[in-house]
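J.: Those protein sequence lines, which keep their order, are chains A and B. If you read the first sequence in numbering that gives the first Met the number 0, its first letter stands for residue 0, the second for the next number, and so on. If you read the second sequence in numbering that gives the first Met the number 0, its first letter stands for residue 0, the second for the next number, and so on.
Errors might be hidden in some of the hints.
[What the hints assert, rightly or not] Only pairs whose alpha carbons sit at most 27 Å apart, straight line, appear in this in silico DSSO-like list of lysine-lysine:
{"no.": "1", "chain 1": "A", "residue 1": "LYS47", "chain 2": "B", "residue 2": "LYS229"}
{"no.": "2", "chain 1": "B", "residue 1": "LYS187", "chain 2": "B", "residue 2": "LYS246"}
{"no.": "3", "chain 1": "A", "residue 1": "LYS298", "chain 2": "B", "residue 2": "LYS13"}
{"no.": "4", "chain 1": "A", "residue 1": "LYS237", "chain 2": "B", "residue 2": "LYS54"}
{"no.": "5", "chain 1": "B", "residue 1": "LYS26", "chain 2": "B", "residue 2": "LYS47"}
{"no.": "6", "chain 1": "B", "residue 1": "LYS13", "chain 2": "A", "residue 2": "LYS188"}
{"no.": "7", "chain 1": "B", "residue 1": "LYS548", "chain 2": "B", "residue 2": "LYS561"}
{"no.": "8", "chain 1": "B", "residue 1": "LYS490", "chain 2": "B", "residue 2": "LYS409"}
{"no.": "9", "chain 1": "B", "residue 1": "LYS481", "chain 2": "B", "residue 2": "LYS624"}
{"no.": "10", "chain 1": "B", "residue 1": "LYS623", "chain 2": "B", "residue 2": "LYS76"}
{"no.": "11", "chain 1": "A", "residue 1": "LYS298", "chain 2": "B", "residue 2": "LYS26"}
{"no.": "12", "chain 1": "B", "residue 1": "LYS47", "chain 2": "A", "residue 2": "LYS237"}
Hints in this document: simulated from the structure, not taken from any laboratory.
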Amino acid sequence: MLQPRSIHSSLNFRDKLFSIDYVLVITIFILGLVSILAMYSTDGGEFKYHTKSHIIRFFVFFFMFLTISFIQIRFWHSQSYLIYFIFFILLLGVKYFGLTSSGSKRWLDLYFMNLQPSELMKIGLILFLAKYYHRTSIENINSIRYLFLPIVVLIAPVLLVATQPDLGTSILIAAGGITVAWLAGVKVKFFTISGLSFLALLPIAISFLKPYQKSRILTFLNPERDPLGAGYQIIQSKIAIGSGGLFGKGFLQGSQSYLDYLPEKHTDFIFTLFSEEFGFFGSVFILILYALIVWRLVKIGNITRSNFGKLYCYSFATAFFIYVVVNMMMVLGLLPIVGSPLPIMSYGGSSMMAIMLGLGIAMSCKVHKDTPVN
Amino acid sequence: MLSPGSGNTVIKSKLISRRMFLITAAKAVVMVGLVGRLISLQINQATKYKSLSDKNRFREWKLAPERGAIKDFFDTKIASSEPLYQLHLVPENAKDLDNLFVRLKAILNITDRKVSYLKRLIKKQKPWEPVIVSENLDWSDFSRINLFLHELEGVEPIVSVARTYPDNSSAHILGYVSQISTKDLQTKEYLQELAVPGMAIGKTGLERKLDEQIIGKVGYQRYEVNAFGKRIREIKIDEGQAGKSFKTTLDYEVQKYTNELLKDKAAAVCVMDVYNGDIVSLVSSPTFEPNEFVHGLDKAYWNSLIKNEKKPLANKALSGLYPPGSTIKTLVALSALENKIIRPLDTFRCKGKIELYGEKFHCWEKDGHGIVNLRKGIQRSCDVYFYEVARKLGVDRLSETAKRFGLGKKVLSDFVEERSGVVPNTKWKKKFIGQNWYLGETLHSGIGQGYFQSTPLQLCLMTAQIANGGFEIKPRIIVDGKNDNLRNYIKHKNENPNEPLPTDLLISNFDLKPLFKNQEHINLIKDAMFSSSNEPGGTSYRHRFENPKYTFAGKTGSSQIKRFTEAQREAEVKQESLPYKDRDHALFVAFAPYKDPQYAISVLVEHGGSGGKAAAPIAKKVIKKVLERHELRRSVNEQIGESV
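Chain A on its own, in the form it takes in the complex:
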């Protein structure tokens, strides 16, 4: 037990530098450059506010990602609960001191930036549960006593975020947590039971939904129901993507976004804009970049010795995949508009910070793959 630890704790900077997954780093960097191009296009082909701050954020958080890679995996393991707890306090802070914008309270004013703690909670919950299930012995995983804590730490932030209200983010937080539990071996039966009880509670939950959220779900089911109202976004997004065709309309030539037909083009609909300008091939290129990232994350999970590392990498890879897929399915008209950013591509500091934090911890698993965590 002691011997391997002493070997690996003596990793020097050079060793660490060589063990970084450069395929992942380069892929993320390319994706970052592509996102800057897309942002430049949303600003109408000029270096305006969105482009400038997106560039700054990308490079700052990309640097943070690299830095985190060098931090001991043991540190992340030991501080998981604390990190979750801090993020949870921030979420509570939003409830009391948050900024309200277009009807929902999601942000904390930190003077240098507006922080959206719900984005950080996506990572915090995965960290917490990865540690929890790492420590829980396999016999206990499916005992009710050991299921109690995971349920509480999952439900609490999800409810907080859902009442901001931010349905999209709360679903994505829950998705991350459920993934960890599933990977840890929680029985299918349990997921079935909780799924059924969720369905039973759904009518009550729906009665808590804001009118605009209800209309979004109805609109998803039939976008032509109200083509100028809630269905507008889905219809215009489909028109933009479809009219891109095989090769796209060309960089800065996307008429749908240029003429403001596209809603939220900086954030949730950034893929639509890219897809309109670069067509089918551009879209598939983006898909490949994301697939590469997920693949490399899973690969790190495969080679990481500790179950904490495995649980974390697999869960984060899956959550990351879900973020991408939910956003794309949304803009392609396959899911209701729930408001979820596309990782790295979308404009938004908190989302970028959370994703880079998540990627950094995964990279730390790679660098310290042979280090036991306890």
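Go by the hints and put chain B onto chain A.
T.: Quick look at chain B alone, frame taken from chain A:
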């Protein structure tokens, strides 16, 4: 590695990997689904979405073309498109709207009501959509605005075109234009392509008949617009094409003169060239102001029009139906001659009334006309004579002649307001009233009362076809080339008195259609009409012209509104003493000059009393005016021949 927990850890690790494998498989499926969706949207349905995107992107604004002009026979414009000065306001460009309105009120005559209306409109519209402050500025206001323009930010003086009529003398025959209504769009097919919001289209008269050709070709501006409808840039512009102009047979001078004559009366006048059917004048009175209709009608003016009991909006010459009264006697006599029912010198004794079928039939002359032949019958308009003739002739033969001469059917084409009238006969009554014909009704028909209904235009055509020697003519109002066959035939006959060709052959050589069996009968009628107007005892003798240049031959008529009671007849009640609404309509038809007929005229005065008193004096004045302009007209007629 051999610690107690390690076995447990390995089992757990394997479990995690197994479950991760399942997730990875699921991810692969989802990825395939995403790519499939992209293929469906961007490859399979790309064409559909590209066109939807273009539909988003481009918006077209139609440009109203300039409406073609309508000219009279001497090329005076009687309906034209003239520059119109308007004032538009683009709220987005104005710095301070309230201040701007205060300034505008000082410069122009704008009411507070209009200002508050405009402010409400501005709130409703997008800030870049212009509002029309003033639709029709006169030149002095317009130039004043231009002078102060530098301090009126957001205001745009616009020069547009609008329909303008020089006066209201031809309002009925020209019709009027007005904004397109929803109903127009539904009912008029040609508007599907032509319609431009705010465009004026022809609603009645020539404006309506010619609408499709006179509108012109619609132009358009194509703009790229953003999601809020704001124009980003112009892509393409097509100016369109101005509408075709039309030359009519009308004489604007005669129109003005006649209109003035008929002022304040409910009346109609129609003048026609007897050889080619050119309508020289067609006036209905009282008239209305067609310019008022172009930019949204004033409500008070509209109410005054529809409440006026003289019905200024109706074109009485085309759509007014009146019993022809004694004017029909010309055709009754002609029909009897043609059918060999009577000879010209056959006589009847008029004692003021006759009793037939147990009913009394009165002559208008209470004491009777004594011995009456055909010439005297027409000259004095003896009712008893025509009762006798009609009785022998029968209504079916009469109706056949009447129809041949143009009664009972529409004279012009494509005038929505024109009506066809009624020429009754036994079949007609059976079909439309469902009863058998009574012989007494034949007698009423013989003096143009009863079921007979005709328009002043039909009576004019009837007279023209008698005047020209009994040949069919096709009345026209749009000059569409030369139409001189009949005139050439007459000229040929006059120049070659010893023409060897038989008349029948000659007529067909000139492509003419005679309405008679024996032209001598036509001449007899014309002669009788001459006596009616120019010999003592004739019904319009008082209004004759001595000068042979203007001498006309006519026939008076009055169409009964209410039958006289026996008591009124005994008391010799005069028309003038009856209430206006109960008085007879006065009619007069004539042609002139008698020796060399050129024009036919019909005059109707609603509730004017007798034709001789109310209608003939008007006809006299109009005939003089028309004949004074005859040489001028003839020279233009010859030019048309050369140009076509």
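J.: Could you tell me which of the numbered hints above are not met by this structure, giving the numbers in increasing order?
T.: 5, 7, 8
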